[in-house]
Amino acid sequence: MNDLPQQLANGLLLGALYGLIAIGYTMVYGIVQLINFAHGEIFMIGGFGALTMWLWMPNGTSLLVALPLMILMAVICSVLVGVGAERFAYRPLRGAPRLAPLITAIGLSIALQQAIWAWYPEATKSRPFPEFSGPRLDFGAFTIERGELYLLIAAPVCMIALGFFVSKTRTGRAMQATSQDPDTAKLMGINTDRIIVMAFAIGAAFAAIAAIAHGLRYGEVNFKMGFIAGLKAFTAAVLGGIGNIYGAMIGGVVLGLSEAMATAYIADIPGMEQLGGGAWKDVWAFVLLILVLLLRPQGLLGERVSDRA
Amino acid sequence: MRHRSLLILTTAVTAGALTLSACGSRDDDSEDGGGGDGTTVVIGLDAPLTGDLSALGIGIQNSAELAVKTANENEEVKGVTFELEPLDDVAQAQQGQQNATKLVGNEDVMGVVGPLNSDVGQSMQKVFADADMVQVSPANTNPSLTQGEEWQDGEKTRPFDTYFRVSTTDAIQGPYAAQYLYNEKKLKKVFVIDDKKTYGAGLAGTFADEFENLGGKVVGTDHVNPDDKDFAAIATKVKNSGADFVYYGGEYPAGAPLAAQVKKAGAKIPTVGGDALFSAEYVALAKENAEGDMASSVGAPLTTLDTAKEFIKNYEAAGYEDAYEAYGGYSYDSTWAIIQAVKAVVDENDGELPGDADEARKAITEAMNDVSFEGVTGKVGFDEFGDTTNKQLSLYQVKDGEHVPLTSGEFEG
Chain U
1 MNDLPQQLAN GLLLGALYGL IAIGYTMVYG IVQLINFAHG EIFMIGGFGA
51 LTMWLWMPNG TSLLVALPLM ILMAVICSVL VGVGAERFAY RPLRGAPRLA
101 PLITAIGLSI ALQQAIWAWY PEATKSRPFP EFSGPRLDFG AFTIERGELY
151 LLIAAPVCMI ALGFFVSKTR TGRAMQATSQ DPDTAKLMGI NTDRIIVMAF
201 AIGAAFAAIA AIAHGLRYGE VNFKMGFIAG LKAFTAAVLG GIGNIYGAMI
251 GGVVLGLSEA MATAYIADIP GMEQLGGGAW KDVWAFVLLI LVLLLRPQGL
301 LGERVSDRA
Chain L
310 MRHRSLLILT TAVTAGALTL SACGSRDDDS EDGGGGDGTT VVIGLDAPLT
360 GDLSALGIGI QNSAELAVKT ANENEEVKGV TFELEPLDDV AQAQQGQQNA
410 TKLVGNEDVM GVVGPLNSDV GQSMQKVFAD ADMVQVSPAN TNPSLTQGEE
460 WQDGEKTRPF DTYFRVSTTD AIQGPYAAQY LYNEKKLKKV FVIDDKKTYG
510 AGLAGTFADE FENLGGKVVG TDHVNPDDKD FAAIATKVKN SGADFVYYGG
560 EYPAGAPLAA QVKKAGAKIP TVGGDALFSA EYVALAKENA EGDMASSVGA
610 PLTTLDTAKE FIKNYEAAGY EDAYEAYGGY SYDSTWAIIQ AVKAVVDEND
660 GELPGDADEA RKAITEAMND VSFEGVTGKV GFDEFGDTTN KQLSLYQVKD
710 GEHVPLTSGE FEG
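Going line by line, the protein sequences match chains U and L. Residue numbers for the first sequence, in this note's numbering: 1 to 309. Residue numbers for the second sequence, in this note's numbering: 310 to 722.
No lab work stands behind these hints, which were simulated from the structure alone. Some hints here could point you the wrong way.
Below are the BS3-like pairs computed for lysine-lysine, each with C-alpha atoms no more than 27 Å apart in a straight line [what the hints assert, rightly or not]:
id, chain 1, residue 1, chain 2, residue 2
1, L, Lys652, U, Lys224
2, L, Lys505, L, Lys435
3, L, Lys505, L, Lys548
4, L, Lys577, L, Lys495
5, L, Lys505, U, Lys224
6, L, Lys548, L, Lys497
Partner residues are not named here, just some residues of chain U that face chain L (Cβ under 7 Å, in silico) [what the hints assert, rightly or not]:
id, residue
7, Asp3
8, Thr124
9, Lys125
10, Glu145
11, Ala264
12, Gln274
For every residue, glycine included, the Cβ atom is placed at its ideal position computed from N, Cα and C.
Start from the sequences, fold in the hints, and give me the full structure.
As C-alpha cells, this is what we get:
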C-alpha cells in the first residue's frame, strides 16, 4: 500500500478531468432536463481546436506561450458547437416529448464524431498532441507530470469562478431561477432562452478546458475520445446528483478515485485476483454508482435543489 | 409548426448521419472485362483503412495494389487482368464479416487478401469457407486460426481449408521475444499486460509461459480495455513491482500511451510487444518515451533482404503517400500468392479460368496448397495447416524515434 498517495493523486487528477466535463451535463440538465449526449463530442472538438491552434504556431514556439491561445481557440470551437447544437438541434424540440431531444442528442453525437473523422486532416487516426517535457514534479509522497499541473490549477479555478458566477451575479441568479421554475422565471422578466444558451456555453467552455488537460495528459487527441470521456463524465454527474454543479465535480473525483483504487488494489484482495486490474475498473466504478443510487437516489449532493443551475 | 420543424430536423440529422457513414463505403462499380478480350479477376482486400490502425491497413492496401499492378504490367497470367477491391473493416470483426459476405457475393472475386486483426480474421473464415474462396492473411498471428482452438494442448486440427497466412504465429512470436530478453538482454522480471483481444491475450500468454519456463519471473499481470487512454494507476503498479520490463500483448493505440505513462510514472523500463507495436505510429504517439521500447515482428527486416529491395524501390517509385509499414511486404506476398494460384489453375485449364465462379474458386483454393515462390519476405509456401513455412522472426528497438532491427532468426522450439 506504499503507493497509496501516488494512486490517490492519479485518481484525483482523472477525477478532476471527469468533473470538468460533467459540469456541462449537469448544467444543461439542471435547466432544461435534457441529457446532452453530444457533450462528449463538444469536449472532443475542443481538443481538436487546441491542436489546430498549436499547428498554426510557428515551429519552435514554447508550449507555455501557446497554451493561452490554445485554450482560447478550444473554448471558441466548443462554445460555437455547443451553442449551435442548442440553437439548431435542441431549441426546435423544446416542448416535444422528452425522448425526442434525447435521440437527437445521440444522433448529433454520431454526426459530430463522423464530421471530425471525415473532414479534419488525418483525424481518422489519433493525432499527437504537444506535451510538456521535463522531470516530474516531486511532492514527496507522490509525483505528478508537469502537464498535469494545468489540470490541478484549472479545475479548482473553474469551480470557484462558476460557484461565484451562479450565486453572486445577476445572470447566475437568473440561471438558478430558471432551473427552479422556468415558467415563473419567464414571468419575472428573465430571458430564459438566453439563460439556456448561457448554460450550454459554460458547459462547452469547461469541456474545452478539460479537452486540453486530456491532450496534455495523454499526448494525443482522436475523434472517438469524447465517447468514453463523455460516458464517464455523465456517470460522474449522476453520481454527484445531476443538476448540482458541486455534485458534478465531487462525483468526478469519487469516480476517478474509485477507478484508480480498483485498478491498484482489488486484485490484491485474496480470492479477487481475477476481478481486479485495469479491465475491471469500470465494473467497480459502476458498482459504486449503483450502490450510491440505491442509498441516495438523488446522488451525493442531489438534495441541494436551491443550488441547481 | 413546431412539430413540422421537429420532423424536418430529425430527418436532416438522420440523413446527415447516414450520408456520413456512407462516405466510408464504396460504390459497386463492376467493370466487366477491363483488359480487352481477357478475363478480369478481382482480388478482394480487407483491412482497417480508417481508424486507429489505419497506418498498418493503408500499408497493406498500397502493397497489394502494387502487386496487382506489377502482375498486370508483366502479364504474369496470360489473358487475365487483375483488379483489387479494397474494403475497410475499421478493425471490427462485425464489419469484416460483412465485407466477407460482400466479396463472396461478387462473382468476379477469386481470392481475398487480409485482414490485419486476428479477431476479424476469425469472423471471416467461415464465410469464405462456405464459398470455397481462398483467403490469405498478411498479418493474422493468432495460432488458433490455422491450428484450431486446442492447439496449446497439442491437438492441432485445421478448422478451415480456405484460410492461409504468410505471417508467423504468436505461438512462436511470444516465445521468441521471451528467449531473447531472458538470454541476451538478461532481463529477469516482467510485468505482463494484455488487452483481452484474440491477438493480445494470446500473445501475452505464449510470452509469459516461455519466460517462466526459462526461469524468469512474472512480477505482475494486468488487463486493459483497448479503448482506454488512462493507465496512470497501472503505471504506478508497474513502477512499484520492480519489473525489468513490461510485456504488452495488444496494439499500438493503447500500447503507445501505456508505454509512455509507465515511463512518465518514473519506471525507466522498456515496453516490449509484438508486431502490432511495430509501427511508426507507435513512436508518433509515445514520442520521446518510445525510446528503448522493443517490438517483435514476423519475418526478417525488409531492409536487410535482397528480395525486398526491389519491392521497396517499386513502392517508393509508385509514390504512395503512406509507408508500407509492418505488413507491406507480407501483403505483397499474399496478393502474389493468389496471383500464382490463379496462374496454376489457368495453366492447367487450357489457358483460361473455369467458367463457373464456384468451380474456379475451388480450384484456386486447392492450387494455393502447392504455391511456392521467392517472395519479398523470403520463400513463400504453406504447410498442411495453411501456415507459412517461413519461421523467421525479428526484434526491433526504438532508437532516435525509429524502429531499428536488433536481432533476427528462426525460432527453435
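Hint check results:
1. Lys652/L / Lys224/U: 44 Å, violated
2. Lys505/L / Lys435/L: 23 Å, holds
3. Lys505/L / Lys548/L: Roughly 22 Å separates the two Cα atoms, so the pair holds.
4. Lys577/L / Lys495/L: 16 Å, holds
5. Lys505/L / Lys224/U: Between Lys505/L and Lys224/U the Cα gap is close to 20 Å, so the pair holds against 27 Å.
6. Lys548/L / Lys497/L: 15 Å, holds
7. Asp3: 5 Å, holds
8. Thr124: 4 Å, holds
9. Lys125: Holds, about 5 Å.
10. Glu145: OK, holds: Glu145/U within 7 Å of chain L, min 6 Å.
11. Ala264: It holds, given that the least Cβ distance between Ala264/U and chain L is near 5 Å, below 7 Å.
12. Gln274: This interface hint is violated because 10 Å lies over the 7 Å limit.
Going down the numbered hints, you'll see the structure goes against 1 and 12, while the others check out.
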